[in-house]
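*Asks:* Chains R and G supply the protein sequences, listed in that same order. In terms of my numbering, the first sequence is numbered consecutively and its last residue is 1863. In terms of my numbering, the second sequence is numbered consecutively and its last residue is 317.
It should be emphasised that the hints constitute simulated quantities derived from the structure, not laboratory data. Heads up, the beta-carbon is just placed ideally off N, CA and C, and yes, glycines get one too. Be careful, since some hints might not be right.
Stated by the list, open to error - Calculated lysine to any residue pairs in the SDA-like style (CA-CA distance at most 25 Å, straight line):
| hint | chain 1 | residue 1 | chain 2 | residue 2 |
| --- | --- | --- | --- | --- |
| 1 | R | K1538 | G | V181 |
| 2 | G | K309 | R | P1725 |
| 3 | G | K146 | G | L296 |
| 4 | R | K1684 | R | T1828 |
| 5 | R | K1538 | G | V221 |
| 6 | R | K1684 | R | W1439 |
| 7 | G | K294 | R | F1798 |
Stated by the list, open to error - Examples of chain G residues lying across from chain R (beta carbon under 7 Å, computed):
| hint | residue |
| --- | --- |
| 8 | G124 |
| 9 | P159 |
| 10 | P162 |
| 11 | V163 |
| 12 | V166 |
| 13 | G227 |
Unchecked claim - Pair by pair, the computed Cβ-Cβ distance ranges are:
| hint | chain 1 | residue 1 | chain 2 | residue 2 | range |
| --- | --- | --- | --- | --- | --- |
| 14 | G | D210 | R | G1435 | 57 to 65 Å |
| 15 | R | K1759 | G | R184 | 54 to 62 Å |
| 16 | R | F1438 | G | L296 | 55 to 63 Å |
| 17 | R | A1654 | G | R184 | 25 to 33 Å |
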Amino acid sequence: MLESNAQRGPYWEQTTPEDERIAHQIEHGREEHLLLDPRPPAELNELALATMKKTGPAFWIAVLGLGSLSLIFALTWVTQIFNGVGITGLNRSVMWGPYIANLIYFIGIGHAGTFISAALRMMRMDFRRPIARAAETITLFGLAMAGLFPIIHVGRVWKLFYMIPIPNQRDLWPNFRSALFWDMSAITTYIIGSTLFMYIALIPDLAMARDHTDGWRRKLYGALSLGWRGTTGQWHKLEVVSNILSFVIIPVMFSVHTGVSWNLSMSVQPGWHSAIFGPFFVVGALYSGVAAVIIVMIFVRKVLKFGYFIRDEHFNAMGIFLFILMIAWVYFYFAEWITNWYGNLPPEVAIQEMLTGPLAPLFYLMLFANIIVPLVLVFKRVRTNLPAMLVICIFIQIGMYLERVIIVAGFLSRNELPFNWVDYVPQLPETIITIGTLATLGLLYLIWTRIVPIIPLWEVYEGQAMQSTRRVGRAVVSTRTDAH
Amino acid sequence: MSEDTNKHGHKWTMVVDLDKCTGCQACVVACHAENNVPIASEEEVVKGRAMHWMRIERYWEGEFPDVKAKFIPVFCQQCGDAPCEPVCPVYASYHSEEENVNVQVYNRCIGTRYCGNNCPYRVRMFNYRAPEFDAPLEQQLNPDVTVRGPGVMEKCTFCIQRVRRGAETANAENRLIKDGEVVPACVQACPTNALVFGDKYDEESRVAKLVPNERQFKLLESLGTEPAVYYLKGGETHVGE
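Work out the full structure: start from the sequences and follow the hints.
*Replies:* Quick look at the structure:
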């Protein structure tokens, strides 16, 4: 009896059934939550760097496929420059078409990246940590593609510099009253701001890559990491700059899509002239943008095998976010249509008759993809099921793209004088250019994942260091140290 | 620019008497010849790219056999408060102070087509392709008017080349422009005198006397664009039995 007690040790070191339950809870927390599952930084560095250096045959096939699509797109664009915009299906009433719809679409998917990074950072939401950079990359390349479209769209691209306020001998300035000028300024600010925002957060990881690589990579990362050594002062500066940029970039983000929507709503075109367009477009942009980020997260997790970093909890959180944005978008869309329909003005009635008439298949597909399909997001089983999420998010992309095309090209085909009702039929060139820019976005993203760590490793360590568990009574709760 | 803010120049104005318009399209042909407007091919017209600075909109009313046709000549309304002007990012579309018309600077235009979208009358024509003139039309281009290249927006100018020449002639002879001295090509070609052109600031001109007419209305007047084109309401043309 005495021996046995001595073997078992004092009673406070003995395991009880309750301790086993708690150990199980802690183990469960490690499986569920990235931040409760810390691993040595060296191991995580190795995980990220191995992916960056690995270029298998599948990678090269993807680069070849996307690259040739991008090349076809470039050739089509050159053809359009030499032959005029006449190779598209635009006509004397529908003067804006898919190019402007693409501009809105790409800026839209560029919205979520910054929102996830900056807004969730401001609100101290930790689930953003591993997905922030994948989302910011979407912003970066989405904006790059969006920035191409005004250039593709204009009739005389070689005179585009007239839009830029360059001092000149004749004192000829751009027209500051034009919504296009506002939009151009907002997009330029946003491109610069979000690139800076992304780059600042990239510096510690570039320094890590510099220390673990050799050859051209070492030189590149050495130059880009700006002498980062990881001193306390440098971390402090990084923290301060990131916080300032987070607060600055969010109003800019709102201004961009508001500016894009004002291109439409500042005009007297029926259907466009609506005060709700600013917030409506911002919500729509976030909606399609978050769906795009989820698509990218699925690829990052499955193709780059980053299951450790991107877990079900992240899909769950993003799924809830997507669902909330869906409700907000539906609310705006309903508010827009109910007032138009009740107002019963003849040109707007003509637009409604077109939507339920010749454009009905597109219109109802859009409503189905944007409203009916995402309803299944109420179930957690759906939110954490990757194939289901992929299908839902692709539906949302199609739906939101159709929404933009209907608003731009569809509404323009009905206007005040019925003599000028001309329907728009898409032609091959704009189809190629649309698909080609999507391919270019994919190509840039693919190459990017081999150049920078697509997971913000330092943010993950930071989160893991600040998070731990604590026993309160019989429960195990996760605790968070606020280091700020 | 509001109608009353610019009193020092002219207010070139058109009055269209719909009661006199027969829809003969002579004005359309005259406009093409005067302003070097390219003739869109059949395929282009099917695509909805008919190029006319001036067009006769024809609306049908009633069911066969009791069908009525209504003709409305529509061209740039030279709005006093034009929607196309503020939206142009490069000032290619702007308001001329001297003539009080809306002019388009072809060299400045970059082809954003924002003005075209924002024109409720849809009278702005975009050069989707380089202009082509079938032989022998290329032999009779008007030397006073630029041939616009691809990617440029264009529209009715009230034949500003004729207006300017009239003003210069009058100036050289040290007198004011007489009413009826300057006429755009469409007015000159109209066989029924349905179109009347003149300076509304000249109180003795025919347009100034025609505008306060009980039949007078402006196209899409509710939008507040203050057009310089006034229509006089007309009866219908019966084409049925």
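*Asks:* With reference to the structure, classify each hint as holding or not holding.
*Replies:* Hint-by-hint comparison with the structure:
Taking the CA atoms of K1538 (chain R) and V181 (chain G), the gap is near 13 Å; set against the 25 Å cutoff, the hint holds. Taking the CA atoms of K309 (chain G) and P1725 (chain R), the gap is about 21 Å. The hint holds against a cut of 25 Å. Simply put, K146 (chain G) and L296 (chain G) have alpha-carbon atoms about 16 Å apart, close enough for the 25 Å limit, and the pair holds. A threshold of 25 Å between alpha carbons decides the hint, and for K1684 (chain R) with T1828 (chain R) the separation of about 12 Å falls inside it, so the pair holds.
About 22 Å separates the Cα atoms of K1538 (chain R) and V221 (chain G), which keeps this hinted pair within 25 Å; it holds. Between K1684 (chain R) and W1439 (chain R), the direct Cα distance comes to roughly 17 Å. Compliance with the 25 Å bound is thereby established for this hinted pair. With a C-alpha separation of about 17 Å, the suggested pairing of K294 (chain G) with F1798 (chain R) holds against the 25 Å cut-off. The beta carbon of G124 (chain G) is positioned within 7 Å of a beta carbon in chain R (closest approach about 3 Å), and the interface hint is therefore held.
Residue-level restraint check for P159 (chain G) holds (minimum Cβ-Cβ distance to chain R is 5 Å; threshold 7 Å). Taking 7 Å as the C-beta cut-off, the interface hint given for P162 (chain G) holds, the closest approach to chain R being about 4 Å. With its C-beta approaching chain R no nearer than about 5 Å, V163 (chain G) sits inside the 7 Å limit, and its interface hint holds. The interface hint given for V166 (chain G) holds, since its Cβ lies 4 Å from the closest Cβ of chain R, which is under the 7 Å cut-off.
Against a cut-off of 7 Å between C-beta atoms, the interface hint on G227 (chain G) holds, since the closest Cβ of chain R lies about 3 Å away. In this structure, D210 (chain G) and G1435 (chain R) meet the distance hint of 57 to 65 Å, their C-beta atoms being roughly 59 Å apart. In this structure, K1759 (chain R) and R184 (chain G) meet the distance hint of 54 to 62 Å, their C-beta atoms being roughly 58 Å apart. Taken as a hint, the range 55 to 63 Å holds for the pair F1438 (chain R) and L296 (chain G), whose Cβ atoms sit roughly 58 Å apart.
The hinted window of 25 to 33 Å between A1654 (chain R) and R184 (chain G) holds, with their beta carbons roughly 31 Å apart.
In summary, the structure agrees with every hint in the numbered list given earlier.
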